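Residue numbering for the sequence shown follows my numbering, starting at 13 and increasing by one per position.
The list that follows gives simulated cross-link-like pairs (lysine-lysine, DSBU-like), each with its CA atoms no further than 30 Å apart:
no.: 1; residue 1: K130; residue 2: K116
no.: 2; residue 1: K116; residue 2: K94
no.: 3; residue 1: K84; residue 2: K143
no.: 4; residue 1: K129; residue 2: K94
no.: 5; residue 1: K349; residue 2: K391
What follows is a set of in silico ranges between Cβ atoms, one per label pair, in the way DEER data are often shown:
no.: 6; residue 1: E66; residue 2: G219; range: 36 to 46 Å
no.: 7; residue 1: D105; residue 2: G159; range: 48 to 58 Å
no.: 8; residue 1: G179; residue 2: G136; range: 31 to 41 Å
no.: 9; residue 1: G219; residue 2: M296; range: 54 to 64 Å
Derived by calculation from the structure, the hints in this document are not laboratory data.
Note that the structure is a prediction, hence the values are computed from the model and not measured.
Backbone N, C-alpha and C define an ideal beta-carbon position, used for all residues, glycine too.
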Amino acid sequence: MSASPPTVYTVTQLTTSIRATLEHAFPDVWVEGEVSNLRIPSSGHVYFSLNDQESQIRAVLFRRMAAALSFKVENGLTVLAKGCVSVYEPRGDYQLLLEYLEPKGIGALQVAFEQRKKQFEQEGLFDPARKRSLPFLPRRVGVITSGTGAALHDIVTVMHRRCPVIGIHLFPVAVQGPGAAQQIADAVRLANHHTDLDVLIVGRGGGSWEDLWSFNEEVVVRAIAGSRIPVISAVGHEIDFTLSDFVADYRAPTPSAAAESVSPVLVDLIEGIREKHARLGQTMRGTLRGHRHQVALALSRLPVPSQILQRQVQRVDELGFRLGGGIRVMLATVRPKLAVLAAGLERAGPGQSWQRGNLMLPQLLRRLSRAMPWVIAGKKHQLRTVASTLDTLSPLSVLSRGYSILETDPGGIIVKDAQTVQVGDRIRARLAEGRLSCLVEQTERQS
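Please work from the sequences and hints to get the whole structure.
Structural data, given as structure tokens:
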């Protein structure tokens, strides 16, 4: 009896059979290994190998599952992978088709937190130089949080107690769960369109690591980084840290602390203003008293303007008297000459000589009359010259050119020699405008 012929498979038939066998034998397995040969093409699928010290197996995480991961798959990361064993028929390679992936030893959220923190640090989003100072007394504060949470109640209570004149604009959002991060980011951008807001508080009350995760999402971090309005991050309790805390201009340990940071105590402000107003008034009154005293002292030492004018008027009168006397002297000098001429004419007897004398006398008188205005003008010029000289020599004129008169204080003795005063003496300097009180620190005698 002849043996039956062997079953002959095509490559495809054999590969398909092996795939079915593997998928039936290993439908749900957990594998631990280190990621290597990571590739993420434009399709979004994630291809890599899982290795241990002796072996490796190919693995693939399709785009839909990869998008649900909270962390990024990286070479060198040790993971726990769940999936089924299958075969990639075109190459005949067996591989893991993964449904779930998590870092080994630490949670996926913690890995995602560290990865994003490192990324944002490298981009400079956490640079202290980017952070802006908070306004001392804001007119209006934007609050981005849950409209029903305890955080809003704490913020409103603290701000109304400390400074009720500050306005509050609420942007209610979901602070956890699907879509919460996008709502928070949209609220930050919306608040930046309000020109009356001086600062933003973004936060929520306490919760688990998962509850606070919305404030670690990239969309929220980038929205805060792009805000033109200074942002305060107030997420959870003092021990809780999120990426929003690092990128914000100011991190408050709690929502209540955030409210305190933007609302100074109004009663203290008013009291401080009153105290400064009183001190300013006291200082101004003291300054005015000092200035009044200096003005009174200067006025008491200056000559009375009316007395100066009277002296100048008296001087003009004196010069006028001298001018009149000079004219009289000149006339007295001329009259004898005229008398001599008249006597000569009389001795000459009547006739032509007398007629010539009679003709000459009116001529001389006319010459005298013409000479008188010139003489008077000359005397007036002399008077102006003397007045100008007096003004030039006046002490007040000398002082107006930048000089001063030094007097001992007290005593009022004019100081002409540096050796007449001692170091530590007080002297007064009289200027063209006002006086100065000076203290002698050093004396030098000109050689």
